[in-house]
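Which chain is which? The protein sequence lines are D and B, in order.
So in my numbering, spot 41 of the first sequence is number 41, and the numbers just go up one at a time.
My numbering runs 148 ahead of the 1-based position in the second sequence.
No lab work stands behind these hints: they were computed from the structure.
Some hints could be false.
[What the hints assert, rightly or not] Quick partial rundown of chain D residues pointing at chain B, CB under 10 Å, derived from the structure:
(1) I10
(2) N27
(3) M33
(4) F36
(5) S68
(6) G90
Where a beta carbon is used, it is the ideal one built from N, C-alpha and C, also for glycine.
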Amino acid sequence: MKPRHRKLAIIVSGVSALGIAAALVLNAFESNMVFFFSPSQVAANEAPVGKSFRIGGLVEEGSIKRQSDGVTVNFVVTDTAKVIPVVYTGILPDLFKEGKGVVAQGKLSADGVFRADEVLAKHDENYMPPEAAGALEQARIQKTVMTQ
Amino acid sequence: MIPELGNFALILALLLALTQGTLPIIGAARGIPSWIALARPVVQGQFVFLAIAFGCLAYSFVNNDFSVMNVARNSNSELPIQYRIAASWGSHEGSLLLWVFMLSAWSVAVSVFSRHLPDEMVARVLGVMGLVSVGFILFLLVTSNPFDRLLPAALEGSDLNPLLQDPGMVIHPPMLYMGYVGFSVAFAFAIAALISGQMDAAWARWSRPWTTIAWVFLTIGIMLGSWWAYYELGWGGWWFWDPVENASFLPWLVGTALVHSLAVTEKRGSFKSWTVLLAICAFSLSLLGTFLVRSGVLTSVHAFATDPARGVFILAFLVIVIGSSLLLFAWRAPKVGLGGKFDLVSRESMLLANNLLLMVAAGSVLLGTLYPLIMDSLDLGKISVGPPYFEAVFVPLMTPAIFLMGLGPLARWKQASLPELMLRLRWAFGVSVVTALLMPFVMGEWKPLVSFGLLLAFWIIATIFVSIRQRLHNSGQGGLFTKLARQSRSYYSMHLAHLGIAVFIIGVTLVNGYETEKDVRMEIGSTVTMGGYTFRFNGASPVSGPNYQAMRGDIDVLRNGEKIRVMQPEKRTYNASGMAMTEPAIDTGLLRDLYVALGEPLEDGAWVVRVYHKPFVDWIWFGCLLMAFGGILAVTDRRYRLKVHSKHVETTTVVAEGKRVASNAGLAAGGKKA
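Okay, chain D solo, but in the shape it has when bound (with noise of 0.2 Å):
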């Protein structure tokens, strides 16, 4: 090989690996971004069908129960417009409580069941997870706007 095509020939694998690369990095971030619903969006029907999403808010009060297993556990999520029921198999997080800022990710059923396979709390008393905050704020806005 002549040194330009061996300089020709560095440069189109370099870029054919950097363009193969991409693709997967990007094919990959596509297929795996987890998208986040509140309740009052899960209830007017945005949230996907099948696929894996996110939902947030309070564990609302009184709803904690658990089935005679002792793993499973249903409670329900509110943005304090909007509910929706949560099944949940497995050790909650040491923050989750009644009342608290909660995320969960998992599957809606047909039954209109979220099928929780991650519930997520954070590590702190006093911080409640970003997206349940949101959710909680959007419900706030949607209730003023209607009643003004």
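Fit chain B to the known structure of chain D by using the hints.
Here is chain B on its own, set in the frame of chain D:
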């Protein structure tokens, strides 16, 4: 009084940092020796004042001075003394003070261990570090002063986050920061090279040990953080691809690329511009990481809107540092030059390919970390990017990198022959394929992904053996041990660090492939069996700690009907904050961990209990330790010590010369007398 003293010390440090960041650089440009000579004493003075400032903050924490806002928010009189000291870097303000204090410690180290460098060079390097220091101290004084008073004083502090009340968390942030800040030395060397336009093998040799030490600290810091998450969060995971973790992983990836690129610049004089660019990137990502974690932007993008001073300062600082250094790079890099040429198949080209793969990996992590933040701040919707994305990207990117990792050390510099390499490595490849195919059967079940992971790990190990055998074969006469002793430390350090990667991969592969997890309801006396072990729950009883109340579970572990261990996981509630926390019990072993955590209490003394059997999980952190040891070994290589040695020779010759001059003068004087 003491906090005010700290504040004054901080202001004086700022003035010294301003001096350090201007006069020596101008002096080096204009050739003013007295300004150049200013660099070292100013650096040392700044260190003294920052030490005083940090000491004052620690003093306020130790003495529970709740009239200081920072102390009132992050400490408590019930907090044990070691955690009160650790609390001084537990908050945003305190951690930034620690950051800048460490920066000055690194600067002092540079000023002390740089006697053999040209004075202009040292002046420029220390000047750049001074400018970084100015930015940080200004940020502290303007937006986040750790000495701000709280009037009237609080009667009691609101406590340090219980998750941080742990020995691992006491040393994790300082280690991580030592790594972050350490890259500032490489950065300063790179900027100094751009300013002067001089960059040669000697330059690479000077900055290499500094970069390696920073990389070692960062490796250990990340390892401690991962280990802490494993035993403290109660989820049994060791890496979550959380933005906080990614923030430390990004500079590590680029730093790893930098360490390798520096090796090429030192040995072959190639990759010059690339090395400089990597040094700028590594430090920029360290800055980004510090601010991502410490500014609260991750908690809520909108916290920026409520406290715009911090956000605007941070963004402005990042833009100035990254923007000006990239501009300088664009302007001056052609002067530095690309360095030596190499063939399409050579050790250089393989290292370059791995550098690119590491950078693409870093870019994809950056995308996954920042994209949700950008979307949110522009009100385009809330999204999250979880572990599946990072895993989908990382495995395909790292596979060719690891393949090349085995090939590279055996390839010749400048020009290598692919057929010859294949011939030399055919056994290594065969052995690693066969072992990788058979090993999963030993573990009980064959899984394709496990086999694949093990193939990568065994490939590394096999090529290390081939490399060492070949090296010994080519190193002349003598017995095995004389030959082994003849190899340089830097040669062994490379293989040790690579072996660390192999051990790490084995740990990750086996724990992902064969771990078992159960969340079960356990009544008193009931058992659960997993991985050949039986766990018997004997109930939970209340205990009280220094600043918390807890329920402590009592679980017998049985193997073949014999009791081998008692495990006592706790569920704690901290007095000051009322925060609940899970404290798992872990039985660590070479081949497996047993992990038990208490969930929630049920009726009649029963509990929900989480039980894990995690094969080979400790190999993950052991692998990281091997990488770090590799780095330490590299820094102790003979050629760095030789320099110290030759410096001695230099000084002795200077002294001898001085004596000769003196005696000549004496003779002359004597002559006059006579």
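Now for the hints, and whether the structure bears them out:
Residue-level restraint check for I10 (chain D) holds (minimum Cβ-Cβ distance to chain B is 6 Å; threshold 10 Å). The beta carbon of N27 (chain D) is positioned within 10 Å of a beta carbon in chain B (closest approach about 8 Å), and the interface hint is therefore held. About 5 Å separates the beta-carbon of M33 (chain D) from the nearest beta-carbon of chain B, less than 10 Å, and the hint is met. Hint on F36 (chain D) holds. Least Cβ distance to chain B is approximately 4 Å, under the 10 Å limit.
A cut of 10 Å between beta carbons decides the hint on S68 (chain D): the least distance to chain B is about 9 Å, and the hint holds. The beta carbon of G90 (chain D) is positioned within 10 Å of a beta carbon in chain B (closest approach about 5 Å), and the interface hint is therefore held.
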